[in-house]
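Trainee: Sequences are here, hints too, so could you generate the full structure?
Here is what each chain is made of, one letter per residue.
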Amino acid sequence: MQNHSLSMIGNFINKSPGARWGSTPVAALGVGFLVVIPFALSDYQIFQMTLIVANSIALLGLNMLTGYNGQISLGHGAFYAAGAYTTAILMDKFGIPYWLTIPVSGAVSYGLGLAFGYPALRLEGLYLALVTFAMGICVPQVLKYKHFEAWTGGVQGITLMKPDAPFGLPLSPDHWLFVFTLAIMVSLFVAAKNLLSGHTGKALVAIRDNPIAASAMGIDTPRYKTTTFGISAMYTGIAGSLCSLAIQFVAPDSFQALSIGFLVGIVVGGLASISGAIYGSIFIQFVPHLAENISKAAPSAIFGLLLIAFVYTLPYGIAGSIKKLQWQYQVRRSAAKGP
Amino acid sequence: MRHSLTVSQNRFVRSALTTVLACSAFCLTACSKPKETKYDPGVTDTEIKIGQTMPYSGPASAYGTIGRSQAAYFKRLNEAGGINGRKINFISVDDAYSPPKAVEQVRKLVEEDQVLLVFQPLGTPSNTAIQKYLNTKKVPQLFVSTGATKWGDPTNYPWTIGFNPSYQLEAKTYAEHLLKKHPSSKCAVLYQNDDFGKDYLKGLKDTLGAKASMIVKEVSYEVTDATIDSQMATLQASGADVFFNIATPKFAAQAIRKAFDSGWKPVQYLSNVSASIGAVIAPAGMDKSVGVITTAYLKDPTDKQWDNDPAMKEYLAFLGKYYPEAKPIDGANLYGYVAAQTLEQVLRQCGDDLTRANVMKQAASLKDFAPGLLQPGIKINTSPSDFYLFDTLTLAKFNGTTYEPLAD
Chain A
1 MQNHSLSMIG
11 NFINKSPGAR
21 WGSTPVAALG
31 VGFLVVIPFA
41 LSDYQIFQMT
51 LIVANSIALL
61 GLNMLTGYNG
71 QISLGHGAFY
81 AAGAYTTAIL
91 MDKFGIPYWL
101 TIPVSGAVSY
111 GLGLAFGYPA
121 LRLEGLYLAL
131 VTFAMGICVP
141 QVLKYKHFEA
151 WTGGVQGITL
161 MKPDAPFGLP
171 LSPDHWLFVF
181 TLAIMVSLFV
191 AAKNLLSGHT
201 GKALVAIRDN
211 PIAASAMGID
221 TPRYKTTTFG
231 ISAMYTGIAG
241 SLCSLAIQFV
251 APDSFQALSI
261 GFLVGIVVGG
271 LASISGAIYG
281 SIFIQFVPHL
291 AENISKAAPS
301 AIFGLLLIAF
311 VYTLPYGIAG
321 SIKKLQWQYQ
331 VRRSAAKGP
Chain B
1 MRHSLTVSQN
11 RFVRSALTTV
21 LACSAFCLTA
31 CSKPKETKYD
41 PGVTDTEIKI
51 GQTMPYSGPA
61 SAYGTIGRSQ
71 AAYFKRLNEA
81 GGINGRKINF
91 ISVDDAYSPP
101 KAVEQVRKLV
111 EEDQVLLVFQ
121 PLGTPSNTAI
131 QKYLNTKKVP
141 QLFVSTGATK
151 WGDPTNYPWT
161 IGFNPSYQLE
171 AKTYAEHLLK
181 KHPSSKCAVL
191 YQNDDFGKDY
201 LKGLKDTLGA
211 KASMIVKEVS
221 YEVTDATIDS
231 QMATLQASGA
241 DVFFNIATPK
251 FAAQAIRKAF
261 DSGWKPVQYL
271 SNVSASIGAV
281 IAPAGMDKSV
291 GVITTAYLKD
301 PTDKQWDNDP
311 AMKEYLAFLG
321 KYYPEAKPID
331 GANLYGYVAA
341 QTLEQVLRQC
351 GDDLTRANVM
361 KQAASLKDFA
371 PGLLQPGIKI
381 NTSPSDFYLF
391 DTLTLAKFNG
401 TTYEPLAD
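Chains A and B are the protein sequences, given in the same order.
So the first sequence is residues 1 to 339, counted in the numbering used here.
So the second sequence is residues 1 to 408, counted in the numbering used here.
The set of hints was computed from the structure by calculation and includes no laboratory data.
Careful: at least some of the hints might be erroneous.
To be verified - Result set (BS3-like, lysine-lysine): computed pairs, CA atoms no more than 25 Å apart in a straight line: (1) K132/B <-> K93/A; (2) K361/B <-> K379/B; (3) K162/A <-> K138/B; (4) K361/B <-> K87/B; (5) K75/B <-> K49/B; (6) K49/B <-> K181/B; (7) K150/B <-> K186/B; (8) K162/A <-> K137/B; (9) K162/A <-> K150/B; (10) K296/A <-> K321/B; (11) K87/B <-> K296/A; (12) K38/B <-> K361/B; (13) K146/A <-> K217/B; (14) K397/B <-> K181/B; (15) K137/B <-> K150/B; (16) K265/B <-> K217/B; (17) K172/B <-> K211/B; (18) K217/B <-> K181/B; (19) K49/B <-> K296/A; (20) K296/A <-> K397/B; (21) K265/B <-> K180/B; (22) K172/B <-> K205/B; (23) K93/A <-> K202/B; (24) K172/B <-> K146/A; (25) K38/B <-> K367/B; (26) K137/B <-> K202/B; (27) K146/A <-> K361/B; (28) K205/B <-> K146/A; (29) K87/B <-> K49/B; (30) K324/A <-> K337/A; (31) K202/B <-> K146/A; (32) K361/B <-> K49/B; (33) K397/B <-> K265/B; (34) K162/A <-> K132/B; (35) K313/B <-> K93/A; (36) K250/B <-> K397/B; (37) K327/B <-> K296/A; (38) K146/A <-> K211/B.
Mentor: As structure tokens, then:
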């Protein structure tokens, strides 16, 4: 039942004519612009942009799993926390440089994702959602567990130092961290795009839409599903690491309600869409602030209303609606051209 | 013939006029001595911007009333003309008790809103997250709204100063009393499984020192637990005759009631965050709470002995006029009020030197400051080496109707 609606949305977004935005020169120009614009912005604005970029990696990870592969996860906050704490512990207890902790945290989250992906093979839809939800809510307590306290810092958490720009580049630490995060995000997004537009992507979508037909066709469903879980966890773990560097602090209480937030992000951004991860990240960064400005007393209620409005007006998410508009424009243009 | 000036006379007149004008302008600016003002970001001749993060939503949203009572206090203060002619622009934002959100909001307050200082940010996790940033940026983290002991560390964090009496000081007060009055007892401890509970436990054990083995059983609970019945059963079964109730209001009330109902009736020390008669003792049962020992530094609005106290009457009138939705029985509102009074004192002491450095200097120079809502005999004292506002606490015992000072 859920898979049907996921398929519908995913197919719509993917089968529409390709976006012009994805073309390489435009993207390169966009990235170049982003690298230099922080010179004109305040440190706080750069910090917000860093969070948006880092969280978009997490959303892409979740989108790969849920949007493309149809496995619903309500516990991705656990992988995010795993990544964040890996970076924090390596930097704080072992003095490992920040950039080296990123691949390690990716590997750790990948391992966790695989470890979870195997038993998840037995679960579908609602049951998988519940189990992942349970995984997500036990994270704060596990982190507070007294026997891990020597590593995790317990409830006091771990404070991190923001790195300075290397090679004496004239960038503020915030600016450098943004460029670093952007570089990682771009490489991860390009890798995802290659993966998902090739036959792997088609296999994932086939598994989502009709698992029996997919395995009848010869697709090794268990292998694809567990690997996707692993890769999805890896992306989310790396996002957690990058965010912990930006915020310079991790604590067990930092991960409340993250998983649901990610799900909101991918639905609003657009399921089964790579650009959707970026739109979703912008949404979950700014809309809660907007809700707070509207009403100090009940910001969550306002946020809920805005979310409902979004889902009703843009059921295919922002990315989907953009593609729909492009499609309508193209149809109108070819109709105007005549037969 | 028209009498007119020659060209050279013209030039002379013009340059003379310019010189005279320049000199008079110079004299005017030099002679009109403006007030000796020194301002850091957030301050003008008419305004002081104060920032705050407070959990208005999320698991600790009950404490949000502290921020609201302070907003009401500043409103009354502004109506009376402000401090030295400057009105307080109080910018209090929600951090949902989440450390990353606290970091984001504090960065916004400091970098975008350009506040002079951050006042009473609430919650140990949130404050831990922002402490290094504020100290690096040299922005006062003033009167942190938690009792964690680590806020009184001027050597390492000179821009951070706490407010609440530290949990370890409170635990020390109980432990010393225990060693004096019940030196050979067996103790059971119930504590909340977070920074608050663990800080207390450390204070207890440190003070008991070699006699820490007096604690025969320590059991924790989570804030998400529904009841603590099983924990209480475990503690009773340990055979202890002294009980340390280190819990927040909801759980403290349950513990008091359970200890009485199950026939245990130990000597009970209660954390002062749960000392409120209206919020804890009454729901637990006035008769069941007889003998409970706690420390107090603020007057309890639900304690009948203060009904005719002038400071209490003024406070209740303030609530009625400026914050009518507030619950008078909620001690958090009174706490917020006293903290706001302390900030006002610091800002007044600053005079026209409203730099961040001077704010910290004045905060570390409070001498015998005793707003009327403090318990009799309690005074606020700070110094450059002592960032704890409250250095001693007095013990009080509940007698069935009210708290009376505990005879030594």
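Trainee: Next, verify each hint and record whether it holds.
Mentor: Going through the hints against the structure:
1. K132/B <-> K93/A: 18 Å, holds
2. K361/B <-> K379/B: 19 Å, holds
3. K162/A <-> K138/B: Holds: K162/A and K138/B sit about 17 Å apart, inside 25 Å.
4. K361/B <-> K87/B: 21 Å, holds
5. K75/B <-> K49/B: 13 Å, holds
6. K49/B <-> K181/B: Violated, because 50 Å separates the two Cα atoms, which is more than 25 Å.
7. K150/B <-> K186/B: 29 Å, violated
8. K162/A <-> K137/B: 14 Å, holds
9. K162/A <-> K150/B: 23 Å, holds
10. K296/A <-> K321/B: 21 Å, holds
11. K87/B <-> K296/A: 22 Å, holds
12. K38/B <-> K361/B: 14 Å, holds
13. K146/A <-> K217/B: It holds: about 16 Å lies between the C-alpha atoms, which stays within 25 Å.
14. K397/B <-> K181/B: Status holds; Cα separation ~14 Å.
15. K137/B <-> K150/B: 19 Å, holds
16. K265/B <-> K217/B: 16 Å, holds
17. K172/B <-> K211/B: 13 Å, holds
18. K217/B <-> K181/B: 20 Å, holds
19. K49/B <-> K296/A: 19 Å, holds
20. K296/A <-> K397/B: Roughly 40 Å separates the two Cα atoms, so the pair is violated.
21. K265/B <-> K180/B: Answer holds: K265/B to K180/B is near 20 Å, not above 25 Å.
22. K172/B <-> K205/B: 9 Å, holds
23. K93/A <-> K202/B: Holds, at roughly 23 Å.
24. K172/B <-> K146/A: 23 Å, holds
25. K38/B <-> K367/B: 24 Å, holds
26. K137/B <-> K202/B: 31 Å, violated
27. K146/A <-> K361/B: 39 Å, violated
28. K205/B <-> K146/A: Status holds; Cα separation ~17 Å.
29. K87/B <-> K49/B: This hinted pair holds, its Cα atoms lying about 9 Å apart.
30. K324/A <-> K337/A: 20 Å, holds
31. K202/B <-> K146/A: 14 Å, holds
32. K361/B <-> K49/B: Holds. K361/B to K49/B sits at ~18 Å (cutoff 25 Å).
33. K397/B <-> K265/B: Holds, at about 15 Å.
34. K162/A <-> K132/B: Between K162/A and K132/B the Cα gap is close to 11 Å, so the pair holds against 25 Å.
35. K313/B <-> K93/A: 54 Å, violated
36. K250/B <-> K397/B: 20 Å, holds
37. K327/B <-> K296/A: 19 Å, holds
38. K146/A <-> K211/B: 23 Å, holds
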